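Asker: One letter stands for each residue in the lines below.
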Amino acid sequence: MFRTLWAPLALTPLLWLTLTLAAFAFGQAVQRLCRRSPLANPVLIAILVMVAILKCTNTSYAEYFAGAQFIHFLLGPATVALAVPLALNLNHIRRSLHGLGLALLAGSLTSTISGVAVVWAMGGGRDIALSMAPKSVTTPIAMSLAQEVGGVPALTAALAIAGGIIAAVIGQKVLHWFRVDDWRSQGLAAGVAGSGVAAAQIAPLSGLAAAFAAIGIGLNGLVTAFIVPLLALLLPLK
Amino acid sequence: MPFALTVLIGAQLAGEVLRRLLHLPLPGPVIGMFILAIALVTRAQSWVTPTESGPSALDKTATTLISNMGLLFVPAGVGIIAELSILQREWLPIVTGLLVSTVLGLVVTGVVMHRITRRANLGAVPSIGDSSEEGVR
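Which chain is which? The protein sequence lines are A and B, in order.
Going by the numbering used here, the first residue of the first sequence is number 1, and it counts up by one from there.
Going by the numbering used here, the first residue of the second sequence is number 1001, and it counts up by one from there.
Careful, some of the hints might be misleading.
Rough simulated footprint, nothing fancy, chain A against chain B, three-plus residues with beta-carbon under 8 Å [to be verified]: (1) 1009 to 1022; (2) 1056 to 1063; (3) 1075 to 1086; (4) 1091 to 1101; (5) 1108 to 1119.
Hints were generated in silico from the structure; no laboratory data involved.
Computed from a predicted structure; not experimentally measured.
The beta-carbon is built from N, C-alpha and C at its ideal position, and this holds for glycine as well.
Chain A extracted, bound-state conformation:
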């Protein structure tokens, strides 16, 4: 009886769970050593470390995910948790509703259309272009959209996270070049262009940025869900 109750995790899933946590803690330590530079992104470091380990030990992704899914599960409650900064900053959001709507629409259209256009112009396949289209939205929305229009969901997930890492790493620097120096615009831009990964970079810095990032993630998902199927219809078959 004791044995059946006390064996919820077999040895290998527990190992991959531990290694994923350790890889991320390592990434955070590296970022601290680099004086919290966004260039030393802990998500990127942890992914590179884990990919290297899986490659070296010849482990399949399915086997890895059997352990890592326990971390993956927390994405749901963490996404819901964005409601808290959203609610606490409602006054700021109400006050800039007009700008919020326009910026969101402009940003969504730009990132979906430019992604598809660049892949298309450079001779990438239709499936790649369609996997690129929804990559700005939060990973679960992006994957279901890719599935719907004929992209490759797994590739979209990778692109969504890679795009988020790019936005997290260079986002604040690029926005500074364009003199975008308020938390609201930085938060919204991070949420719209880099979804959760970029939001994770900026949210701890300011509650206001976290609130606008949350709005960006949520509403961008909504807007993109309408744009991507239209774009797929317009994209000629090669």
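Starting from the structure of chain A, add chain B where the hints point.
Answerer: Chain B in isolation, oriented as in the chain A frame:
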């Protein structure tokens, strides 16, 4: 902590149920986020009002989850390992498209938002954390 987790996962569950019932194109957690946000600004304001000993339990749990959100993307990100062959074959359009569209999306969103809010708030720039101007709008 148990209360906060119940609220967060309960909102996710509600979002998931709503998604199935209404066939919404959004994932459950995102719908759950909107449900909880609406609850927190209407009936359940007390869940996020700070207590004498600092932020509320829900606020604390949410802050912990959000500030460690990066970790939660690692398992999905490692999924790239299964797509390495596509990446090898078409890396140039993929990498260029990714860079161009991310940077353009970031800049366009940031600049449009910044221009409009600055014009709207000229002379009355609210400071971070300021909630005393409720009636000013």
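Asker: Compare the structure with each hint and give your call.
Answerer: Hints, verified against the model:
no. : hint         : in the structure
1   : 1009 to 1022 : holds (count 4)
2   : 1056 to 1063 : holds (count 5)
3   : 1075 to 1086 : holds (count 10)
4   : 1091 to 1101 : holds (count 9)
5   : 1108 to 1119 : holds (count 11)
Checked against the numbered hints listed earlier, the structure breaks none of them; every hint is satisfied.
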